[in-house]
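**Student:** Chains as they are written, first to last, in the numbering used here: chain H, 4 to 295; chain Z, 55 to 291.
Calculated from the structure, these hints are not laboratory results.
A quick note: this is a predicted structure, and the numbers were derived from the prediction, not measured.
For each residue, glycine too, the CB sits at the ideal point set by N, CA and C.
Errors might be hidden in some of the hints.
Beta-carbon label-pair distances, calculated as ranges [what the hints assert, rightly or not]:
| hint | chain 1 | residue 1 | chain 2 | residue 2 | range |
| --- | --- | --- | --- | --- | --- |
| 1 | Z | GLY273 | H | VAL100 | 16 to 22 Å |
| 2 | Z | HIS185 | H | ALA94 | 50 to 56 Å |
| 3 | H | ARG90 | Z | GLY69 | 17 to 23 Å |
| 4 | Z | PRO274 | H | VAL100 | 38 to 44 Å |
| 5 | H | ALA156 | Z | ARG162 | 57 to 63 Å |
| 6 | H | LEU113 | Z | ARG161 | 41 to 47 Å |
| 7 | Z | ALA78 | H | ALA78 | 46 to 52 Å |
| 8 | H | TYR118 | Z | ARG112 | 54 to 60 Å |
| 9 | Z | ALA129 | H | ALA94 | 23 to 29 Å |
| 10 | H | ARG90 | Z | GLY76 | 32 to 38 Å |
Dumping the calculated EDC-like pairs for lysine to aspartate or glutamate here, alpha-carbon to alpha-carbon at most 16 Å [as the list claims (entries may be wrong)]:
| hint | chain 1 | residue 1 | chain 2 | residue 2 |
| --- | --- | --- | --- | --- |
| 11 | H | LYS124 | H | GLU60 |
| 12 | H | LYS124 | H | GLU217 |
| 13 | H | LYS166 | Z | GLU152 |
| 14 | H | LYS166 | Z | ASP256 |
| 15 | H | LYS35 | H | GLU217 |
| 16 | H | LYS166 | Z | ASP65 |
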Amino acid sequence: MNMQALLHQILSGLVNGSMYASVALALVMIFKATHQVNFAQGELAMFSTYVAFTLIEVGVPYWAAFVLTLGVSFAVGVAIERFIMRRFRNASPLTAVIVFIGLLVLLNGLVGWIYTYTPQKFPSPFDPSAWYGTIYMSPHEVGMIAVTLVVLAIVFAFFRFTKLGLAMRAAAENPQSSRLVGIRVDWMLALGWGLASVLGAVAGMMAAHKLTLEPNMMSSVILYGFAAALLGGIDNPWGAPIGGFVVGVLENIAGAYLVGTQLKLALALFVIIAVLLFRPSGLFGRTVVVRV
Amino acid sequence: MTAILELRGVDAAYGATEVLRGVALEVAEGGMVALLGANGAGKTTTLRAICNMGVRVRGEIRFAGQRIDGQPTEAIVRLGIGHIPEGRGTFLSLSVEENLRLGAYLRRDRGVSADLSRVFGYFPMLRDRLHQQAGTLSGGEQQMLAIARALMSRSRLLLLDEPSFGLAPILVQEIFRILGVINREERMSILLVEQNARLALDLVGQVFLLETGRVVASGPSQQIAADESVRRAYLGQ
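So here's chain H without its partners, still in its complex pose (with noise of 0.2 Å):
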């Protein structure tokens, strides 16, 4: 085995990881505060990735477009919350599941009839000849990675030590305690929603311009993504980038060695199955101790 070849597919493995880790994380944090499972997560972010786009067309520099559609995505996740979410937030498991899949389709064919299905190039802020560049990776699969690393940095540091922050956490955990100290919940779910599109912008806009851009160029993101989100342990936010980047090295490994590119998913996939199967609460799912 060609050790120069091994280091690149794990490099760019890692690459692929990032977009799965902020995709990941985005999943859990819905997961945790509604117990449901965001399906649309990836066409959420797609969507965002065309504001983005409509942005850098009419001329705003890349970077302001980039915090623009950033803003864009919060109010966006924020509304579906609000307006859409929340009638079904006491309905059925399989009635939050048909409302996920119907903002998927309709996400898809909006961006679809806007924008037509032909695949567009999408920029990136990254100079091709940049110093960071190596043989190994592009200096785009760079930024992508230290984007992705310092979105999840802030990410986690506003759950830690903001008292914003640990509202959610606690609304997510114990709804009617969080009443009783004053919390609204309801706008803590809004915003759990609006700070998950914001992952998903990032991982779109990041995507993009690996991927170019179509409506459906987050359908194997998102499978990925809750592949990642799954064996990281589904109600651990540490865990799902942890899966995300796990996820997206032995993707790579996979297709390059064992399998080839055709069966890579469902080898990745497979993995997953067995790792469920000894730690059902995922590679790092904390069970919560709990003394009465």
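Fit chain Z to the known structure of chain H by using the hints.
**Tutor:** Just chain Z now, with coordinates in the frame of chain H:
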């Protein structure tokens, strides 16, 4: 003395099931009141009705003179009511410190950290457990944490749902003693729901007795404790 909490003709129901009928009750400012009664008499429902938690309420509920019935729970709490629900309402996966800080969630002043040491004065063991996950505390420790959380909120009125539930008698005595101190020192009014009538009667000044959703007796605790029928029904004498 003025009333901090006043219920007038309160009916409460879960769906079609009527639980309270015409309950009238009063807690004086700085007072300590027990709501006694058998299982299923509607004690917990009374507390839930006050904070508008999942019950349909008719009638009049006033806090410090102001109507609060019909308002959302978060808004009622904001006015200065602390409520320790059945099961203590601990945030199990969060640390002890995070639980305490959540108690002070509504406060905007800078005294929160200073208040932590005030609370440790009542419950020294919490200081040693500050970074421990709250779910690993014993039942008694979780009850203390719940009271500490209410102290952090600097509420004017504390509603307590069966603090003695599932605890060893010696621990219950200790918790009741601390409640007495808190009531005196912090001028925090307390409405206590209890099954353990004997202990509660020693602690509080005023008692309301619930039976199948109605107040059947009320008065100073000595008077209630001396009542022949009450002794037979609730004190096993």
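**Student:** Evaluate each hint against the coordinates.
**Tutor:** These are the hints, each one checked on the structure:
1. GLY273/Z x VAL100/H: 16 to 22 Å: At 57 Å between Cβs, range violated.
2. HIS185/Z x ALA94/H: 50 to 56 Å: This hint is violated: roughly 39 Å between Cβ atoms.
3. ARG90/H x GLY69/Z: 17 to 23 Å: holds (20 Å)
4. PRO274/Z x VAL100/H: 38 to 44 Å: The hinted range 38 to 44 Å is violated for PRO274/Z and VAL100/H, with Cβ atoms some 58 Å apart.
5. ALA156/H x ARG162/Z: 57 to 63 Å: violated (28 Å)
6. LEU113/H x ARG161/Z: 41 to 47 Å: For LEU113/H and ARG161/Z the Cβ distance comes to about 44 Å; the hint holds.
7. ALA78/Z x ALA78/H: 46 to 52 Å: With Cβ atoms ~48 Å apart, the hint holds.
8. TYR118/H x ARG112/Z: 54 to 60 Å: holds (55 Å)
9. ALA129/Z x ALA94/H: 23 to 29 Å: holds (26 Å)
10. ARG90/H x GLY76/Z: 32 to 38 Å: holds (36 Å)
11. LYS124/H x GLU60/H: holds (11 Å)
12. LYS124/H x GLU217/H: holds (9 Å)
13. LYS166/H x GLU152/Z: holds (10 Å)
14. LYS166/H x ASP256/Z: Violated: LYS166/H and ASP256/Z sit about 40 Å apart, past 16 Å.
15. LYS35/H x GLU217/H: violated (30 Å)
16. LYS166/H x ASP65/Z: Not satisfied, since the Cα-Cα distance of roughly 37 Å exceeds 16 Å.
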